[in-house]
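Listed below, chain by chain, are the residues.
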Amino acid sequence: MIDLRNVSRLYRRGADEIHALEHVSLHVPAARFVALMGPSGSGKSTLLNILAGLDRPSEGEVVVAGERLNDLSEDELAGFRARHVGFVFQFFNLIPVLSALENVELPLLLTHLAKDERRQRAATALRVVGLAERASHSPSQLSGGEQQRVAIARALVSDPEIIVADEPTGDLDAKNAELTLGLLRTLKQEFGKTVVMVTHDPRAEKYVDLVHHLDKGVLLETRPGGAAAAEGAA
Amino acid sequence: MIKFLPLVWKNLGRNKTRSVLTGAAIALAIVLVCMLRTLPAGLDYFLDQIAKNNRISVHNKAGIVYSMPYSYLQKVRTVPGVVEATSWTWFGGAFEEEKGVTFPNFAVNPETIGIVYEDLEIEPQALADFQRYRDAALVGGQTLKQYGWKVGDLVTLRSTVFPIELTVRIVGTLGNERDPRLWLQREYMTQALEAVGVQFDQIGTVWARVDDPARVNEVMRRIDEMFRNSEAETASETERSFFANFFTNLEGFVTIILIVTGLVALCIVFIAANTASMSVRERVGEIAVLKALGFRWRLLFALLVVEAALLSTVAGAAGVLLTAGLSKAISSAAGWNPQLGPLGAFIATGAILVQGLFLALFIGILSGVVPAWGASRRSVAATLREVF
Chain P
423 MIDLRNVSRL YRRGADEIHA LEHVSLHVPA ARFVALMGPS GSGKSTLLNI
473 LAGLDRPSEG EVVVAGERLN DLSEDELAGF RARHVGFVFQ FFNLIPVLSA
523 LENVELPLLL THLAKDERRQ RAATALRVVG LAERASHSPS QLSGGEQQRV
573 AIARALVSDP EIIVADEPTG DLDAKNAELT LGLLRTLKQE FGKTVVMVTH
623 DPRAEKYVDL VHHLDKGVLL ETRPGGAAAA EGAA
Chain U
49 MIKFLPLVWK NLGRNKTRSV LTGAAIALAI VLVCMLRTLP AGLDYFLDQI
99 AKNNRISVHN KAGIVYSMPY SYLQKVRTVP GVVEATSWTW FGGAFEEEKG
149 VTFPNFAVNP ETIGIVYEDL EIEPQALADF QRYRDAALVG GQTLKQYGWK
199 VGDLVTLRST VFPIELTVRI VGTLGNERDP RLWLQREYMT QALEAVGVQF
249 DQIGTVWARV DDPARVNEVM RRIDEMFRNS EAETASETER SFFANFFTNL
299 EGFVTIILIV TGLVALCIVF IAANTASMSV RERVGEIAVL KALGFRWRLL
349 FALLVVEAAL LSTVAGAAGV LLTAGLSKAI SSAAGWNPQL GPLGAFIATG
399 AILVQGLFLA LFIGILSGVV PAWGASRRSV AATLREVF
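Line by line, the protein sequences are chains P and U.
Take the first sequence: its letter number 104 is residue 526 in this note's numbering, and every next letter is one higher.
Take the second sequence: its letter number 247 is residue 295 in this note's numbering, and every next letter is one higher.
In isolation and in its complexed conformation, chain U is listed as follows (with noise of 0.2 Å):
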């Protein structure tokens, strides 16, 4: 087959223009095939990054832009199975005023934060420097990246909540490089509000780490019951369902776009199924001409799938060279942004590629299918009346 090969490609080049044009359209195909199959996983990566099954968040049942009394968090550390609880506040920081919050900020309790985040795995020094100065900051990779902040720097952040502005001192890197987030500390805050004359002994949102991921609903349950009737009842929820409400809208968009994604796939091998078709049409008279000549009916038909194959792979892997640039782009280019969510953190993985690849040659082969067939079936000597 190698020696036809020559031939094969050749024949992709008669018609340079439409060959260009359909490999685009299949490229561009496997592209938005590749992107939208990074979101499903990609979700669940995310969600798998950011969340423990043996932390739990307490929220006002409300909702959680609602407070709750800053006592609850010590009612929490109480609840048999909880290892250790922290409170985490929005302070809602705007380091360019006119930007607005450009990343997640909260004033957390230094205290026990590394207790409930051992998974975070911070630095012991960066957590001591975080315990130990009232106003020690700890930021996430992607944060530090942004602004090209390091350890040492003194950041000022105008709170978009409360009427205060606080400048922090990095002592040291919060999570990975993906990670956004900015950790303050709460009693920083709080005497900050105090100055001008605000009293607050609210808290956004407790996360407690439970001893034992299958104790997690008891506790759960435990909790919910004791601020049952109370001023703020209050609704727990595993960390990773907490993070994937977040996300409920965006999976449903997910389902409608891979729905979307299948038929356009489909589509692009009615594209290519009709190039193929007027290819072969095109060259009835010489395939007739190569059949004479002795070539088989199955060396025509095999030769023919190849080509469309070949076409249709050679544009499927540009399209997935394309994908990996894009993926590799977007997730370095993308700051923390609500409206993105948490798309920087969808990588076109190895295994979506290869997908893609196949997906390329499927298409290929499907359709160059049905006109090789016909054209290698004829009868040569009826080809040869009409065509010549």
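This is chain P alone, in the form it adopts within the complex (with noise of 0.2 Å):
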């Protein structure tokens, strides 16, 4: 699903140059739910931006889902997100002024299906995580658990098959925690999606099936998750 071959990420500072990655090379298969660790600074979120099509890499080659993203142009690029790729941030990044449906229904505003459909996608995306009755309410009427919670179904409603997700319980509180990642790992075990998650949240590990640690723009190994443990020991 995922293939990264010895990518790189310099990033220029006036006359600075920084290593966010060297040579990584990662391959993440379909219907797998993985963490990327290291401490900040480490070139995970990096990573992840290269992996979901938002940056570019300054060498090495990145095929997702069939597709080889050095060759795509912007627009191309954003194409290819909206058609692959969902979206968990940190601090959820809902629209204010819409609604949890509406916010929900934004990406398929980019597809060619009509209001209801839309609508009813949404609506089915919002009962996937729980939140079918807050469908109207703005998300200052919202706790932040539940603000994340949208957030992923916003991910998940245009069925993509991968999810990348940023630091998804770094604003949470213990139980939306344990709620986000539970659901993260529901998208793979029920949906079959390819989730990626930067986290420095030591309770992912236990929902993941591998972990990535990386340190200084450098892949320094490849551990199981708890999941995958679990899933080995049943």
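Think of the hints as simulated: they come from the structure by calculation, not from any bench.
Among the clues, some could well be false.
[Said to hold, decoys possible] Partial selection, computed: residues in chain U whose CB lies under 7 Å from chain P: (1) Glu334; (2) Val337; (3) Leu341.
[As the list claims (entries may be wrong)] Ranges between beta-carbon positions, derived for each pair: (4) P/Ala536 x U/Ile307: 49 to 57 Å; (5) U/Lys58 x P/Ser447: 38 to 46 Å; (6) U/Arg62 x P/His445: 40 to 48 Å; (7) P/Asp581 x U/Ile50: 21 to 29 Å; (8) U/Asn322 x P/Gly436: 26 to 34 Å; (9) U/Leu409 x P/His445: 50 to 58 Å; (10) U/Ala72 x P/Glu496: 37 to 45 Å; (11) U/Asn224 x P/Ala536: 55 to 63 Å; (12) P/Arg549 x U/Gly422: 36 to 44 Å.
[Unchecked claim] Taking lysine-lysine and the DSBU-like style, the derived pairs with C-alpha atoms no more than 35 Å apart in a straight line are: (13) P/Lys638 x P/Lys597; (14) U/Lys147 x U/Lys193; (15) P/Lys597 x U/Lys58; (16) U/Lys147 x U/Lys198; (17) P/Lys537 x U/Lys64; (18) P/Lys537 x U/Lys51; (19) P/Lys537 x U/Lys58; (20) U/Lys198 x U/Lys100; (21) U/Lys376 x U/Lys64; (22) U/Lys100 x U/Lys193; (23) P/Lys638 x P/Lys628; (24) U/Lys100 x U/Lys147.
Note that the Cβ used here is the ideal one computed from N, Cα and C, for glycine as well.
Make one complex out of these two single chains by using the hints.
Now the structure itself:
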């Protein structure tokens, strides 16, 4: 599903060169829940951005969902993201002037679906995350955990193969963090999504199949997560 | 694009106070621009309405406030090319003394006025009555409406020029509903003057109708030549030129106002652009999220420009409606008033209102383009890094 080969990312800040990623190769098979972990500045968000088509590598090859992202223009990358990738952010990033339902419906505006169909699908996605009854609420009327679940519904609604989540529990209390991780796990388990998550949260390890550990832009190790161990034991 | 309009509309309601204030500034600018745009067109329209290109005025070369001998009227009639001539003498009658002269009133020659002013299409019966009855008067529609007068009413005017008071009987309507004038018989005035011991054999202006507009210059030259070196030399000019002289200063004023109006419109562009920039700057993170979700930059650019244009156009529409109402109110409320000049005749036409609406749209588009371009072209990864 996701193949990164020898990917490097170099940023220039004035005269300084910052090596955010150095020769990283990564393979994520379909329907896996993987975590990218590491200290701040280790390059995990950069890696997530590159594999989600938000950023381009300075060198190396990126193939996701059968498409070589290196070859795509900005517009083509936008189209790629709309078709293949759902996003969950640390601070939820819902549009404050839209209701929960309208926020979830947003990615569907880029499709040719009729309004009724869009509304129906958005309502279904909200039901999946357990917020059907909060559809008409605005983000300010929802708790942090609820907002994150709306964001997950938004990521899910266009039925992408890949869900990327950047610190999805970073702004949540313990209970909501567990709920969110459980939901992401459900996306993989029940819907066959490939979920890639950047996190500092040690609780996340037990929900994921694989943990990729980065430091200073280098992929140091890959180890099985708690979920893989549990499935193996079962 | 239609399916994105609710999103655009809701974004406009994000900061209602700011949107309303910006909209109000744009609406007022559109009112200002539209009202001022009526000035040049209104002036032309006004002159076209009141002036014919085959009618000339002959007045004292020293100025229109100076009179000429009454005999000049007969001499003008003899000039080849002159179909008929008549005289106007300012009576300066006040209906309500404390308010002074509130509408122009002149003593005229009833037997020839209908020929010189055939374009006024005075009803034949009214013209016949005006010629038949010594105390008859013809009154313009505006003054009739202003005082609620009707045909048959007796009206007393106290002259501010002569030591007399005349009671006239209205026998018909003069001109259209915007005409403020009142004409009374010259003979009625001179007889009243004789009764108080004043012999009056002067006239203010001679108005002559020329048979062919192409001969107007020649006729004017002959008339002025005829009175050269006389006790009262004359200056002849076309009717349009005669009235345009009243508004010469106004035209210069209009030019200045139009320049100022252009600058006002430019200021509004900057104000609207500043609002659009603030609005976009506040949402830079959201815009990055929309890009992450797959919104292409062209779509985001269009949505942001449409947002600015929608605000401006809605405000412009309000401004246009306000202009239409204001212009109607002014034209219906403006009685004859020397200070107002022809303002009462300046109507915001459909063309001016449409121009106002397009100006508002243009302001919106122009103000939205720069911030929209910057926001839509920003790198999504860099923005997400900076903002979150």
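Results for each hint:
no.	hint	in the structure
1	Glu334	6 Å, holds
2	Val337	4 Å, holds
3	Leu341	5 Å, holds
4	P/Ala536 x U/Ile307: 49 to 57 Å	52 Å, holds
5	U/Lys58 x P/Ser447: 38 to 46 Å	44 Å, holds
6	U/Arg62 x P/His445: 40 to 48 Å	45 Å, holds
7	P/Asp581 x U/Ile50: 21 to 29 Å	24 Å, holds
8	U/Asn322 x P/Gly436: 26 to 34 Å	30 Å, holds
9	U/Leu409 x P/His445: 50 to 58 Å	54 Å, holds
10	U/Ala72 x P/Glu496: 37 to 45 Å	39 Å, holds
11	U/Asn224 x P/Ala536: 55 to 63 Å	57 Å, holds
12	P/Arg549 x U/Gly422: 36 to 44 Å	39 Å, holds
13	P/Lys638 x P/Lys597	31 Å, holds
14	U/Lys147 x U/Lys193	17 Å, holds
15	P/Lys597 x U/Lys58	33 Å, holds
16	U/Lys147 x U/Lys198	21 Å, holds
17	P/Lys537 x U/Lys64	27 Å, holds
18	P/Lys537 x U/Lys51	8 Å, holds
19	P/Lys537 x U/Lys58	17 Å, holds
20	U/Lys198 x U/Lys100	28 Å, holds
21	U/Lys376 x U/Lys64	31 Å, holds
22	U/Lys100 x U/Lys193	25 Å, holds
23	P/Lys638 x P/Lys628	24 Å, holds
24	U/Lys100 x U/Lys147	32 Å, holds
The structure is consistent with each of the numbered hints, conforming to all of them.
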